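Undergrad: Listed below, chain by chain, are the residues.
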Amino acid sequence: MKSLPANFTIGAVLVALVLGAAALSLVWTPHDPTALNIRGKFAAPSAAHWLGTDQLGRDIVSQLMAAARNSMTVAIVAVFLGGSIGVALGLLASAIGGWVEDGVMRLADLGFAFPALLFAIMLAAVFGPSLTNAVLAIAFINIPIFARVARASANQVWTREYVLAARAAGMNKLAITRDHILPNIAAAVIVQATIEFAVAILAEAALSYLGLGAQPPASSWGRMLSEAQTLIYLAPELAIYPGLCIVTAVLGFGLLGDGLRDVTDPRLARAR
Amino acid sequence: MTYFLLRRTFGFIATLIAVSIVVFAVMNVLPGDPALTILGMDATDDALAALRKELGLNDPLLARYFAWVGGALTGDFGTSHSFRVPVAELITERLAMTVSLAVAGMVLTLVIALSVGIFAAANHGKAGDWATMFISQLGIAVPAFWLSILLVLLFAVKLRWLPPGGFAGWSDPVAALRSLVLPTVALALVQSAVLARVTRSSALEVMRQDFTRTARASGLSQRRILWRHVLPNALVPIVTIVGMQFAALVTGTIVIENVFYLPGLGRLIFQSIANRDLPTVQALVMLFAVIVVTANFVVDLLYVLIDPRLKARA
Chain A
0 MKSLPANFTI GAVLVALVLG AAALSLVWTP HDPTALNIRG KFAAPSAAHW
50 LGTDQLGRDI VSQLMAAARN SMTVAIVAVF LGGSIGVALG LLASAIGGWV
100 EDGVMRLADL GFAFPALLFA IMLAAVFGPS LTNAVLAIAF INIPIFARVA
150 RASANQVWTR EYVLAARAAG MNKLAITRDH ILPNIAAAVI VQATIEFAVA
200 ILAEAALSYL GLGAQPPASS WGRMLSEAQT LIYLAPELAI YPGLCIVTAV
250 LGFGLLGDGL RDVTDPRLAR AR
Chain B
0 MTYFLLRRTF GFIATLIAVS IVVFAVMNVL PGDPALTILG MDATDDALAA
50 LRKELGLNDP LLARYFAWVG GALTGDFGTS HSFRVPVAEL ITERLAMTVS
100 LAVAGMVLTL VIALSVGIFA AANHGKAGDW ATMFISQLGI AVPAFWLSIL
150 LVLLFAVKLR WLPPGGFAGW SDPVAALRSL VLPTVALALV QSAVLARVTR
200 SSALEVMRQD FTRTARASGL SQRRILWRHV LPNALVPIVT IVGMQFAALV
250 TGTIVIENVF YLPGLGRLIF QSIANRDLPT VQALVMLFAV IVVTANFVVD
300 LLYVLIDPRL KARA
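Chains A and B supply the protein sequences, listed in that same order. For the first sequence, numbering that gives the first Met the number 0 assigns the number 0 to the initial residue and increments by one for each residue that follows. For the second sequence, numbering that gives the first Met the number 0 assigns the number 0 to the initial residue and increments by one for each residue that follows.
Because the hints were derived from the structure by calculation, they are not lab data. As the structure is a prediction and not an experimental result, all values here were calculated from the model.
Derived SDA-like pairs: lysine to any residue, alpha-carbon spacing no greater than 20 angstroms straight-line:
| hint | chain 1 | residue 1 | chain 2 | residue 2 |
| --- | --- | --- | --- | --- |
| 1 | B | K157 | A | A234 |
| 2 | B | K52 | B | D32 |
| 3 | B | K52 | B | G69 |
| 4 | B | K125 | A | P4 |
| 5 | B | K125 | B | M206 |
| 6 | B | K157 | A | I239 |
| 7 | B | K125 | A | A5 |
| 8 | B | K157 | A | Q228 |
| 9 | A | K40 | A | A234 |
| 10 | B | K125 | B | L203 |
| 11 | B | K157 | A | I231 |
| 12 | B | K157 | A | T229 |
| 13 | B | K157 | A | L233 |
| 14 | B | K52 | B | A42 |
| 15 | B | K157 | A | P235 |
| 16 | B | K52 | B | F65 |
| 17 | B | K157 | A | L230 |
Model the full assembly from the supplied sequences, consistent with the hints where possible.
TA: This is the structure in structure tokens:
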């Protein structure tokens with residue numbers, strides 16, 4: 000067996016680190032991430048508080064771990080939701096073709112006119128800011144992306160001989176899509192999902208930083224940064240840790256996605 | 000060619016109409032009663048009735064849509080509920096800030112990305128290439144708002160060279176420019192990470208082609224080959240990404256203005272959300288979506304200018 004590409008290995012390690020911290024936070028954090036202890040505020044790193052405490056005496060490490068869990072949850076739900084709808088639309092477009100395909104793709108184009116931020120802004124104006132709205136906004140921008148990937152990959156599979164044979168044997172389009180098309184585009188969809196996972200983590204952090212995502216007392220890397228910014232002269236180190244976590248997570252999923260693509264489709268491997 | 004232009008222009012207008020329908024629907028149908036959203040649960044019936052009348056909510060939905068679009072086309076975006084002035088006035092006051100930020104950000108992005116990308120391609124496989132690719136990979140993962148905070152930490156808190164945020168107005172041009180340095184750099188650095196990678200791979204592609212070898216064989220200098228032969232031929236994928244990035248850049252200004260407390264359209268959006276000022280949010284979201292759609296349209300047209308081969312296919 001060939002050795003795995005470096006980006007795959009590094010990405011997998013970083014992702015394991017973040018997912019591990021998120022999973023661990025389900026059962027254990029060093030302290031309660033939301034427990035206030037005003038007398039112990041701005042504590043320096045120690046055995047009890049590995050990275051110290053914030054302006055309300057909350058333990059930084061515990062908050063970072065809880066934030067990792069929240070961030071992963073948002074990314075999983077948003078990418079799964081947007082991805083499923085997008086893949087379904089892409090498969091539909093590819094299977095039926097003609098004006099349905101044109102229509103779906105024009106709709107997908109329309110989706111590109113709305114960056115997640117604009118969509119989140121509209122939802123926040125109408126319903127008030129919340130993490131649910133942030134998830135919906137991130138899911139929404141994933142729909143056109145996955146619709147395009149699914150349609151492009153599915154169109155290739157539809158021209159293969161075994162699909163033609165299945166059609167000649169009288170299988171209907173739904174059965175062919177389920178038995179032949181979907182399994183064959185799965186790799187492309189999974190690669191895209193990994194990359195969109197990184198984008199979703201960035202988007203959640205930005206939305207929470209701007210106050211359109213996680214609301215207090217929920218822990219979020221983005222919200223920790225917006226709080227730290229107001230204390231930048233007092234406790235500059237608070238503005239460092241959450242950012243490092245975001246970069247680790249985004250870099251990890253990004254590299255893992257690139258690596259997966261190189262592994263699953265050597266033709267697409269980037270020129271090095 | 001004319002057919003191509005007509006078709007693209009038609010598609011552009013159709014997209015704008017569709018975008019306006021989506022924005023109108025989300026802002027007017029989803030809330031149920033926008034007046035209630037704006038005034039909140041404890042508003043009196045009289046106040047609600049008065050606001051409904053002011054916003055024209057008693058008219059049928061379709062009539063309201065056409066009134067809104069018709070108004071927008073003539074520069075009338077309604078009246079801001081919280082500022083009590085026409086939304087158009089709010090926008091004109093703040094447009095200069097957002098536009099200068101976006102344009103300066105784009106120019107700096109292009110300068111950084113093209114030089115770094117071409118440099119990496121020219122040093123393909125060497126340490127310089129690896130270093131720039133490593134930094135740009137990292138750059139893609141860094142959120143613009145965190146980079147901004149780090150820049151503030153270094154240049155405002157530690158070194159005290161530049162202000163950490165805020166904007167005192169254009170009356171003192173030097174102070175105004177100083178306030179815009181960090182926001183522009185933060186915007187451009189993040190954007191140029193992606194673009195530098197695209198420039199590099201596109202340039203590498205061109206450098207493998209025969210005409211580059213011919214140019215080299217005929218004794219042209221490396222610099223001349225890179226900037227006069229390689230870059231122009233590598234432009235098509237670069238322009239695609241620039242077009243997509245312009246959209247990211249415009250929404251990036253929304254974030255950056257809020258990080259640095261700059262009085263532009265992005266800040267106005269967030270003030271309007273806090274004030275539940277739906278007409279202003281609606282106008283601004285539409286404005287930003289129009290900018291994104293227009294950028295994509297312009298990129299489509301640029302393709303033809305850059306690569307005449309696409310004309311035949313179009």
